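Protein chains: 2
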Amino acid sequence: MANCLVAQSGGPTSAINASLAGVVRGAKNSKSFDKCLGALHGVQGLMNEEIKDLTDIDTKKLSLTPSMYLGSCRYKLPEYADAPEEYEKIFDILKKNDVDTFFYIGGNDSMDTVSKLSAYASAKDESIQFIGVPKTIDNDLCVTDHTPGYGSAAKFIATTLLEVSHDTAIYPIKSVTIVEIMGRDAGWLAGAAALARNDYNVVPHLIYLPEVAFNEDEFIEDVKDMIEKHGNVVVAVSEGIKDKDGVYITSSSATEDKFGHSQLSGTGKTLELLVKEKIGVKARAVEINIPQRTAGHMASLTDIEESIAQGEFAVEKAEEGMSGVMITIHRLSDIPYTTYLSTTDIDDTAGLIKHVPKKWINKRGNDVTDEFIQYVKPLIQGEVDLKYKDGLPDYMDISDLL
Amino acid sequence: MANCLVAQSGGPTSAINASLAGVVRGAKNSKSFDKCLGALHGVQGLMNEEIKDLTDIDTKKLSLTPSMYLGSCRYKLPEYADAPEEYEKIFDILKKNDVDTFFYIGGNDSMDTVSKLSAYASAKDESIQFIGVPKTIDNDLCVTDHTPGYGSAAKFIATTLLEVSHDTAIYPIKSVTIVEIMGRDAGWLAGAAALARNDYNVVPHLIYLPEVAFNEDEFIEDVKDMIEKHGNVVVAVSEGIKDKDGVYITSSSATEDKFGHSQLSGTGKTLELLVKEKIGVKARAVEINIPQRTAGHMASLTDIEESIAQGEFAVEKAEEGMSGVMITIHRLSDIPYTTYLSTTDIDDTAGLIKHVPKKWINKRGNDVTDEFIQYVKPLIQGEVDLKYKDGLPDYMDISDLL
Chain F
1 MANCLVAQSG GPTSAINASL AGVVRGAKNS KSFDKCLGAL HGVQGLMNEE IKDLTDIDTK
61 KLSLTPSMYL GSCRYKLPEY ADAPEEYEKI FDILKKNDVD TFFYIGGNDS MDTVSKLSAY
121 ASAKDESIQF IGVPKTIDND LCVTDHTPGY GSAAKFIATT LLEVSHDTAI YPIKSVTIVE
181 IMGRDAGWLA GAAALARNDY NVVPHLIYLP EVAFNEDEFI EDVKDMIEKH GNVVVAVSEG
241 IKDKDGVYIT SSSATEDKFG HSQLSGTGKT LELLVKEKIG VKARAVEINI PQRTAGHMAS
301 LTDIEESIAQ GEFAVEKAEE GMSGVMITIH RLSDIPYTTY LSTTDIDDTA GLIKHVPKKW
361 INKRGNDVTD EFIQYVKPLI QGEVDLKYKD GLPDYMDISD LL
Chain U
1 MANCLVAQSG GPTSAINASL AGVVRGAKNS KSFDKCLGAL HGVQGLMNEE IKDLTDIDTK
61 KLSLTPSMYL GSCRYKLPEY ADAPEEYEKI FDILKKNDVD TFFYIGGNDS MDTVSKLSAY
121 ASAKDESIQF IGVPKTIDND LCVTDHTPGY GSAAKFIATT LLEVSHDTAI YPIKSVTIVE
181 IMGRDAGWLA GAAALARNDY NVVPHLIYLP EVAFNEDEFI EDVKDMIEKH GNVVVAVSEG
241 IKDKDGVYIT SSSATEDKFG HSQLSGTGKT LELLVKEKIG VKARAVEINI PQRTAGHMAS
301 LTDIEESIAQ GEFAVEKAEE GMSGVMITIH RLSDIPYTTY LSTTDIDDTA GLIKHVPKKW
361 INKRGNDVTD EFIQYVKPLI QGEVDLKYKD GLPDYMDISD LL
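Just so you know, the sequences run in chain order F and U. According to my numbering, the first sequence holds residues 1 to 402 in order. According to my numbering, the second sequence holds residues 1 to 402 in order.
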């Protein structure tokens, strides 16, 4: 028997530790591995041999802890021809630690690393297997129905929009609140704001995604129209909206700070200034910021359970001898929500971005359709059984990283 | 028998509906009132006779719904000499609706209204009673130990800082994250960030409150020092920090937008630019913004229960014939946390701001002391039993306001 090793990379989500917990649990329950090791700080930490034994970790608590328990790196492994010594070093360390399977949980760069290392293993006839377990709050990976981490981010965003609705509704005045949501290229997160709507709540009144060219005049018209109808207007907007020439709308807001440097406002702030200037009503921008990817206290139970399952499934696929694959999820139906897990060749998703389909955006380009809502709704269902200590979430100790 | 009437005013908190639920429940259980009426939009809505019957409302659900179920107003009632007709109108409407007791839940302006109306009642020998039930996330009211709404805001802020710690810890690089927290005049909310610290977490590394004159050079020194020690540094800062001349530090960040208008950056953004310029490391600002006052999903059970109790207590005091008073809470001990309710003359708190005591701030002025933490800790204890529907909090229908 040999060991397996797991690492995490890319940006945080509330579910990436659930995938880690799934790998650890799967490895422990399998008869194929002695120990489940973890490398700190992704493949960079692996090269520094920052390795710890995860076999006896509390996987329940781990699965409910946001961000990366093992830390992360933003590192694109060079092509073999450019840095053969890095590949050799990685394989030396894996062999030294008796590792025959490497699970890499992360986004596009991590999948690229899995691709390169598995190709190298084939070329050198090395028996070490490499399996990618995806995650990204952005939900913009192809082939898979959705990505671990997205459901929890969507649940936090929709909850925040619902609470913002309660907040903005109290004064009978005209005002515009612009809520800026993450998403440079795809509108999956901003679109999830639509889930805040319910029997009584119609907020957000408008939603703008990067998939549609942003038109300033139409935006002002739409906002004026909604002010007429509702008084208090709430707009959800992707940080990544661009004009018809593909230029980020924030680029129009450049100002010079007191140090003489050019500063860009955020997207929300840019629209706030536009509304104040063109309509003359009270306006403010709210950026949901870091909490949308790290608010573990509002994680989606569905997301956490699916992430654990993908980790466990990755171990099964390793036992079947697979390498150079990424775990995928496929949907059979929305109601009842039914899915199954599978794998895809790691190169099938590389570098491609899954956008919100045009047919899931309304004609005016200022809202999502019911199809979008039916797609996201199952992903935010269920609340996690998080324990609290002294009034705060009782997360895993991350003092290794602090 | 007559009716009582309740209204809400000022800015949102996660507990102001719990006080409302307490008044409704108290009125229903008392033998003194036929109906419990509610005025929409505070005393302004009362003057427009926007009144609804609250007697049979679901008080459990109401108590867990953030922001104001009845809507709000920002209205300072003029002195009687300047607008006698407003006083007469209010009393006419109260009498027409057979109201003999008016409960006003709100902040300083609401307490001022209670003061003026009860004085008018005395002067005119009217028998209508006026009782103030305080709330403010700012916790800056005098006489009372703390204010309803503060504990829930503190719990959300501390949770967010803990989650930000998990988020920022993942990369082994030098970076500074500035978290901007509400509080123009007092540092109670920013200080609550210290509660994020636990067995493993030392974030936030630095805390700046409006009670201490902000010194740019010392700040840069402190941040440099923490970068040396920790790499990733997280700073919590009140939006209201000022320099030694009492000038808001944001005033140094004025830039001109593309419309030619002067724009102030937020406090966090101002410090972000300062860190980038003077230290040259990666820096970013995160503004917690609206969610800190309206994230009902992270309300403190202690805060909600105390707010309900203050509402019920207000009804008891009305039955005893009191008028022109505000409900107060007094602490007997931190451990075990023991308090009792009382009343104070409504004019005792008017216009005064309760600051964080100097002895609860460390000597360097960049952190709070253990005494501060012991004071806040009991207020964030316990989680609410919030129901969810379709994956989101199941709050009260506020379609009257939307």
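Please note: incorrect hints may appear among the correct ones.
[Unchecked claim] Partial list, derived from the structure: chain U residues whose beta carbon lies under 7 Å from chain F:
no. : residue
1   : M1
2   : N3
3   : H41
4   : N48
5   : I51
6   : L162
7   : Y200
8   : F259
9   : G260
10  : A295
11  : G321
12  : D397
13  : D400
[As the list claims (entries may be wrong)] Examples of chain U residues toward chain F, derived with CB under 7 Å:
no. : residue
14  : H166
15  : P172
16  : S175
17  : E305
18  : A309
19  : D385
20  : L392
Because the hints were derived from the structure by calculation, they are not lab data. As the structure is a prediction and not an experimental result, all values here were calculated from the model. All residues carry an ideal CB built from backbone N, CA and C; glycine is no exception.
Hints, one by one, checked against the model:
1. M1: violated, 31 Å
2. N3: violated, 24 Å
3. H41: With a minimum Cβ separation of about 6 Å from chain F (threshold 7 Å), the hint on U/H41 holds.
4. N48: Hint violated; U/N48 Cβ to chain F Cβ min 10 Å, cut 7 Å.
5. I51: violated, 15 Å
6. L162: Hint on U/L162: holds, closest Cβ of chain F at ~6 Å, below 7 Å.
7. Y200: holds, 4 Å
8. F259: Since the shortest Cβ distance to chain F is 5 Å, the answer is holds.
9. G260: violated, 10 Å
10. A295: Holds - the Cβ of U/A295 comes within 7 Å of chain F, reaching about 6 Å at its closest.
11. G321: Violated, about 32 Å.
12. D397: holds, 4 Å
13. D400: violated, 9 Å
14. H166: holds, 4 Å
15. P172: Interface hint status for U/P172: holds (6 Å vs cutoff 7 Å).
16. S175: violated, 12 Å
17. E305: violated, 13 Å
18. A309: violated, 19 Å
19. D385: U/D385 check fails; min Cβ-Cβ to chain F is 11 Å, beyond 7 Å.
20. L392: This interface hint holds because 6 Å falls under the 7 Å limit.
Checked against the numbered hints above, the structure violates hints 1, 2, 4, 5, 9, 11, 13, 16, 17, 18, 19; every other hint is satisfied.
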